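Enquirer: With the hints as extra help, turn the sequences into a complete structure.
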Amino acid sequence: MRVFALTLIVSLAAGLSAAAAQESTITLKPGPGLDKVQTNCSTCHSLDYIPMNSPFLNAAGWNGEVTKMIKAMGAPIDDADAKAIVDYLAKNYGA
Amino acid sequence: MFTRRTLLSAAGAGAALAGGGFAAKAAQQIVLQFDVSRVPLSPGVPAGVASVARMEALPGKKPLIKLAYRAPNYEAPLDYFRTPITPNDEFFVRYHLSNIPQVDAKTYQIDVGGDGANGQATLTLDDLKAMPAYEIVAVNQCSGNRRGLSNPHVAGVEWGYGAMGCARWKGARLKDVLDKVGLKKEAIEIAFNGADGPVLDATPDFIKSLPVWKAIDESTLIAYEMNGAALPHFNGFPARLIVPGWTGTYWMKHLISVTALTKPQGGFWMNPAYRIPVGKFPVVARFASQENATSTPITEMVINSLITSHPDGAKVKPGKVTVGGLAWDAGYGIRSVEVSTDSGKTWSSATLGDDLGRYAFRPWSFELNAKRGNNTVMANATNAIGQSQVATLIWNPAGYHNNVMQNITLVAG
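Protein chains in written order, with the working numbering: chain A, 1 to 95; chain B, 1001 to 1413.
Hints in this document: simulated from the structure, not taken from any laboratory. There's no promise every hint is true.
Some chain A residues flagged as far from chain B (calculated, every beta-carbon gap over 12 Å) [as the list claims (entries may be wrong)]:
#	residue
1	Gly33
2	Ala72
3	Asp79
4	Ala84
5	Lys91
Taking lysine to aspartate or glutamate pairs in the DMTMM-like style, the calculated list, with each CA pair at most 25 Å apart, reads [claimed, not checked]:
#	chain 1	residue 1	chain 2	residue 2
6	A	Lys71	B	Asp1205
7	A	Lys71	B	Asp1201
8	A	Lys68	B	Glu1291
9	A	Lys68	B	Asp1205
10	A	Lys36	B	Asp1201
11	A	Lys83	B	Asp1201
12	A	Lys29	B	Glu1056
13	B	Lys1263	B	Glu1291
With the Cβ distance kept under 7 Å, some of the chain A side facing chain B (calculated, not the full set) [to be verified]:
#	residue
14	Glu23
15	Cys44
16	His45
17	Pro51
18	Met52
19	Asn53
20	Ser54
21	Glu65
22	Met73
23	Gly74
Quantities reported herein were computed from a predicted structural model and do not represent experimental measurements. Built from N, CA and C at the ideal position, the CB exists for glycine as well.
Expert: Here it is as structure tokens:
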């Protein structure tokens, strides 16, 4: 069973490794809230979407984007994390 | 080859995936070198684009401008638009959602039915290929092409000029597919789903619909060939919808269902996404069942052109220089392309090239006499119903329909 699980993981990683290795080269600016961005936002999309959309959104604009991800896209992000994410984005990638 | 460290980080990725926290941490120690300075971005995109854009080749593709890895969004550089047919391996890639399966042609099928149909049917790829086949050359352009040039900027994939391509598509008519089940007279829309989907169940799947009149248009196809070959995976293998004249949002990739509806299709991707404000743009082709007081679905592409012979700021030799590019519209047909070398005061007709069909890119060229120093070149296309490009941007919140005339500078010296 354990062998099977490892095999599954390896084959999964083989399929993902090329794209994942490239994606891992994306670096966001360090700062409070970055960990929340990494764990929440990267569930569904690569983090290059963030610098690409900068620096023209103000805090309200980033709040709108995060709210859209929660309300329209179903991202399971709690209020505290959402606030930390918006603060991070506005401070590091805001207008 | 997996080192112990690779395996450990891969295991982390697998565990994270199972828990819903997909992390791109597998094989983190593989370092790739990129030459950022060589990414030919369109002038005017947000400053942050330069920090993430890379020239990168997806499997089966030549290098494209990577804007985002997941969902993958890659645009074609200007160099790839020197011909009116875009090769398959140079064709742009656009996805909304990250869960993109490799579809097996042997088990692939399209389910046809819905409450607006008299019956239902299931078509395999062989079934589709056994039907009468049609070919059409048509431009596939993302609704948001040139979004990155919006001023003020708007959120989204920050496309420059390259979220488009033109191919010779071969497939069965959607009308013939619908005839297999028969439409009720109450049917108002035909909805489409593709094999790709969201990571989370809570995320709306990408489902789009067309009004019946457009769905049964003789030019609307389910294509299984692109420029004489199978569709590339990243362009919708094994079959996708071809909706000539309309923006790419309707060209469902990896098509797996065709559903006749007696009520308008709902969902995020029909509204609020892919809408244009009422009254800002000419709308000839209407999608009446989806219209409301403030917005309508984006439908037809606006008339447009692109100078492809030279990027803005290109160095040329003084004397005769041939400038050229492409023009396209929603299928009314390109009547003329006018070029101005005095910032729009006077205009001269360009020479139009081969006509590959009313939905195709139309090449054009113009010979100018470059003086030493800066030479400006503007281009403006006009179609058979008298529509032309605009001089100033018609700003809208999603950054659609940007057909502002270019004004590039050639530096002769």
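Enquirer: Go through the hint on glutamate 65 (chain A) and say holds or violated, using the shortest Cβ distance to chain B against 7 Å.
Expert: 6 Å, holds
Enquirer: Cysteine 44 (chain A) was flagged as interface toward chain B. Is the shortest Cβ-Cβ separation under 7 Å?
Expert: 5 Å, holds
Enquirer: Holds or violated: are the alpha carbons of lysine 83 (chain A) and aspartate 1201 (chain B) at most 25 Å from each other?
Expert: Given pair lysine 83 (chain A), aspartate 1201 (chain B) holds - Cα atoms ~24 Å apart, limit 25 Å.
Enquirer: Close enough to count: is the Cβ of serine 54 (chain A) nearer than 7 Å to one in chain B?
Expert: Result: holds, 4 Å to nearest chain B Cβ.
Enquirer: Examine each Cβ of chain B, and state whether all of them lie more than 12 Å from the Cβ of alanine 84 (chain A).
Expert: Answer for alanine 84 (chain A): holds, closest chain B Cβ roughly 16 Å.
Enquirer: Starting from lysine 29 (chain A), check that the Cα of glutamate 1056 (chain B) is at most 25 Å away, please.
Expert: Given that 25 Å is the threshold and the Cα spacing comes to 23 Å, the pair holds.
Enquirer: Find the nearest Cβ of chain B to the Cβ of lysine 91 (chain A) and say whether that gap is larger than 12 Å.
Expert: Per Cβ check, lysine 91 (chain A) is outside 12 Å of chain B; nearest 14 Å; holds.
Enquirer: Quick check on glutamate 23 (chain A) please, does its C-beta sit within 7 Å of some C-beta on chain B?
Expert: 4 Å, holds
Enquirer: Holds or violated: are the alpha carbons of lysine 68 (chain A) and glutamate 1291 (chain B) at most 25 Å from each other?
Expert: 22 Å, holds
Enquirer: Please check whether proline 51 (chain A) passes as an interface residue: C-beta within 7 Å of a C-beta belonging to chain B.
Expert: 4 Å, holds
Enquirer: Going by Cβ atoms, does aspartate 79 (chain A) stay more than 12 Å from chain B at every point?
Expert: 17 Å, holds
Enquirer: Quick one, are lysine 71 (chain A) and aspartate 1201 (chain B) close enough, alpha carbons at most 25 Å?
Expert: Holds, because 14 Å separates the two Cα atoms, which is no more than 25 Å.
Hint violations for this structure: number 2 only, all remaining hints satisfied.
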